[in-house]
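Protein chains: 2
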Amino acid sequence: MKRITSQITQLFTKPSKKELIRNLEDLLGFRPKHIPYYELALMHRSKLDEAESNNERLEFLGDAILGAIIAEYLFKKYPTQDEGFLTELRSRIVRRESLNNVAMRMGLNKLVQYNQQDKGLGRSHIFGNALEALIGAIYLDIGFEKTRNFIQCNFLKLYIDIGNLEATDTNFKNKLLNWSQRNGHTISFVTLEEKNDGSRKLFTIGVLLDEQLVASGNSFNKKDAGQVAAQKAIAVLIPSLE
Amino acid sequence: MKRITSQITQLFTKPSKKELIRNLEDLLGFRPKHIPYYELALMHRSKLDEAESNNERLEFLGDAILGAIIAEYLFKKYPTQDEGFLTELRSRIVRRESLNNVAMRMGLNKLVQYNQQDKGLGRSHIFGNALEALIGAIYLDIGFEKTRNFIQCNFLKLYIDIGNLEATDTNFKNKLLNWSQRNGHTISFVTLEEKNDGSRKLFTIGVLLDEQLVASGNSFNKKDAGQVAAQKAIAVLIPSLE
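Sequence lines, in order, name chains F and G.
Using my numbering, read the first sequence as starting at 2 and increasing by one per residue.
Using my numbering, read the second sequence as starting at 2 and increasing by one per residue.
Excised from the complex, chain F in its bound form:
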């Protein structure tokens, strides 16, 4: 009975300011200064609908700050990769599902104020959005440099497996090669064409299955063209894997 009462209490009351500060300190690894920013970051629209008092404006700010910090991090970590690679890898780090997952693992779901009776919120990524809002709050509270430290030493280090995200880049090629090995086939990639398109070169890469052309793909770099070709080959050869 006591447990149910405590759950009901948790459903309908805000944590005390002292409790919130302690929870934030655990979550952030530093003592937040200006608490109203954080209270706002944790306030979902389903509780308070006005733009000034829910976390959506802070989410806009935090999304931009996070994007800039991740951009710099990748720019420096991968000094020879082109901007297509950097853009793709960043989008994998900051995509809604990924942020929502990180927010849950951080325990942010226990701090966000939202209307728990509202069944329509299931797929709305409120915790990932609150994480972005929290980053907006951190930025306003402690400035860019320290927010960058927080993102790099906490968010990226503890919750993001960049190696794994990077590896999924070669997903289609890997999938196709794994399948061919399991099924006793030989897959190879060949450059079918390189032609000038304005100032750039357009590559056409073909996929050979046991030396028979099964698909081809175009792109402005060979690696991407290979991916496109592999994806098309999968669609033809093993549609169940798509």
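Among the clues, some could well be false.
The list cannot tell twin chains apart, which means a pair is met if one copy fits it or any two copies do.
Derived lysine-lysine pairs resembling DSBU-like cross-links, with alpha carbons at most 30 Å apart [what the hints assert, rightly or not]:
hint, residue 1, residue 2
1, K174, K233
2, K18, K78
3, K78, K147
4, K147, K77
5, K147, K34
6, K158, K147
7, K18, K176
8, K174, K223
9, K158, K202
10, K233, K34
For the record, the hints were derived by calculation from the structure and aren't laboratory data.
Assemble chain G onto chain F, guided by the hints.
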């Protein structure tokens, strides 16, 4: 003859380091420190195609830094506007055409190194992209706070008319009202319905022409619903204005 020779020289040679520093100083309003960042920012792919030696990686970085700085600027300038408004206004400031236009007015086109014989570059926004790359270079050279100063005091202040960009938000309503005044009609907007949709309210706004309903629009806020309705009314009443 001397003039032609000088033009040809300008076409095929890089400016001297000293000249570049002077030009940058004029453009930026401060003395740049680490010149190689700026040389890279001004190097278009049509001159050097490798990712490490053209400006595309810096463009990726600068785009993100600019986005964050503009986000904060708008967040603080419009404390009561919702994130939809902020997102829309930012996208108008940083869209390709707008940046390309600013870059030309700054004179960046005279500094960018690109293959002037390449006719395929016409619509590629190389100067706007170089402006983003330049912002990436500024960030690496002087850090976030000073880059923010540069963006606010130079880029935004001298080249962006935010009031005008903001005003185009009410374009459809204004267009419709102007037309009705010129043609002796009365246009009015009415709320036809407010219904709950999950945690949000969905508004339906109708457009009345001389008290006759001619179109309606839905959105999660009244202002946007009015815009949608006005746009539909224009399509019906004055298709030539669309």
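- K158 and K147: within-copy, between-copy, both or neither at 30 Å Cα: Classified as both; 15 Å inside a copy, 28 Å across copies.
- For the identical chains here, do K174 and K233 meet the 30 Å Cα criterion within one copy, between copies, both, or neither? Classified as within; 10 Å inside a copy, 47 Å across copies.
- Within, between, both or neither: K147, K77 at alpha-carbon 30 Å: Answer is both; intra-copy 18 Å and inter-copy 20 Å each pass.
- Message: Please sort K78 with K147 into within, between, both or neither, judging by C-alpha distance up to 30 Å.
- Response: both (19 Å within a copy, 23 Å between copies)
- Query: Between K233 and K34, at a C-alpha cutoff of 30 Å, which is it: within one copy, between copies, both, or neither?
  - Reply: Neither, since 53 Å and 49 Å both go past 30 Å.
- Quick one: K147 to K34, C-alpha cut-off 30 Å, is that within a copy, between copies, both, or neither? both (13 Å within a copy, 24 Å between copies)
- Query: From the Cα coordinates, with 30 Å as the cut-off, is the pair K158 and K202 best called within, between, both, or neither?
  - Reply: Intra 37 Å, inter 39 Å, cutoff 30 Å: neither.
- Using 30 Å as the alpha carbon limit, work out where K174 and K223 are close: within a copy, between copies, both or neither. within (13 Å within a copy, 49 Å between copies)
- Up to 30 Å CA-CA - K78 versus K18, copy category: between (39 Å within a copy, 29 Å between copies)
- Between the shortest in-copy and the shortest cross-copy C-alpha distance, which are at most 30 Å for K18 and K176: within, between, both, or neither? Answer is neither: 51 Å inside a copy and 50 Å across each miss the 30 Å cutoff.
In terms of the numbered hints stated before, the structure departs from hints 7, 9, 10, listed from lowest to highest.
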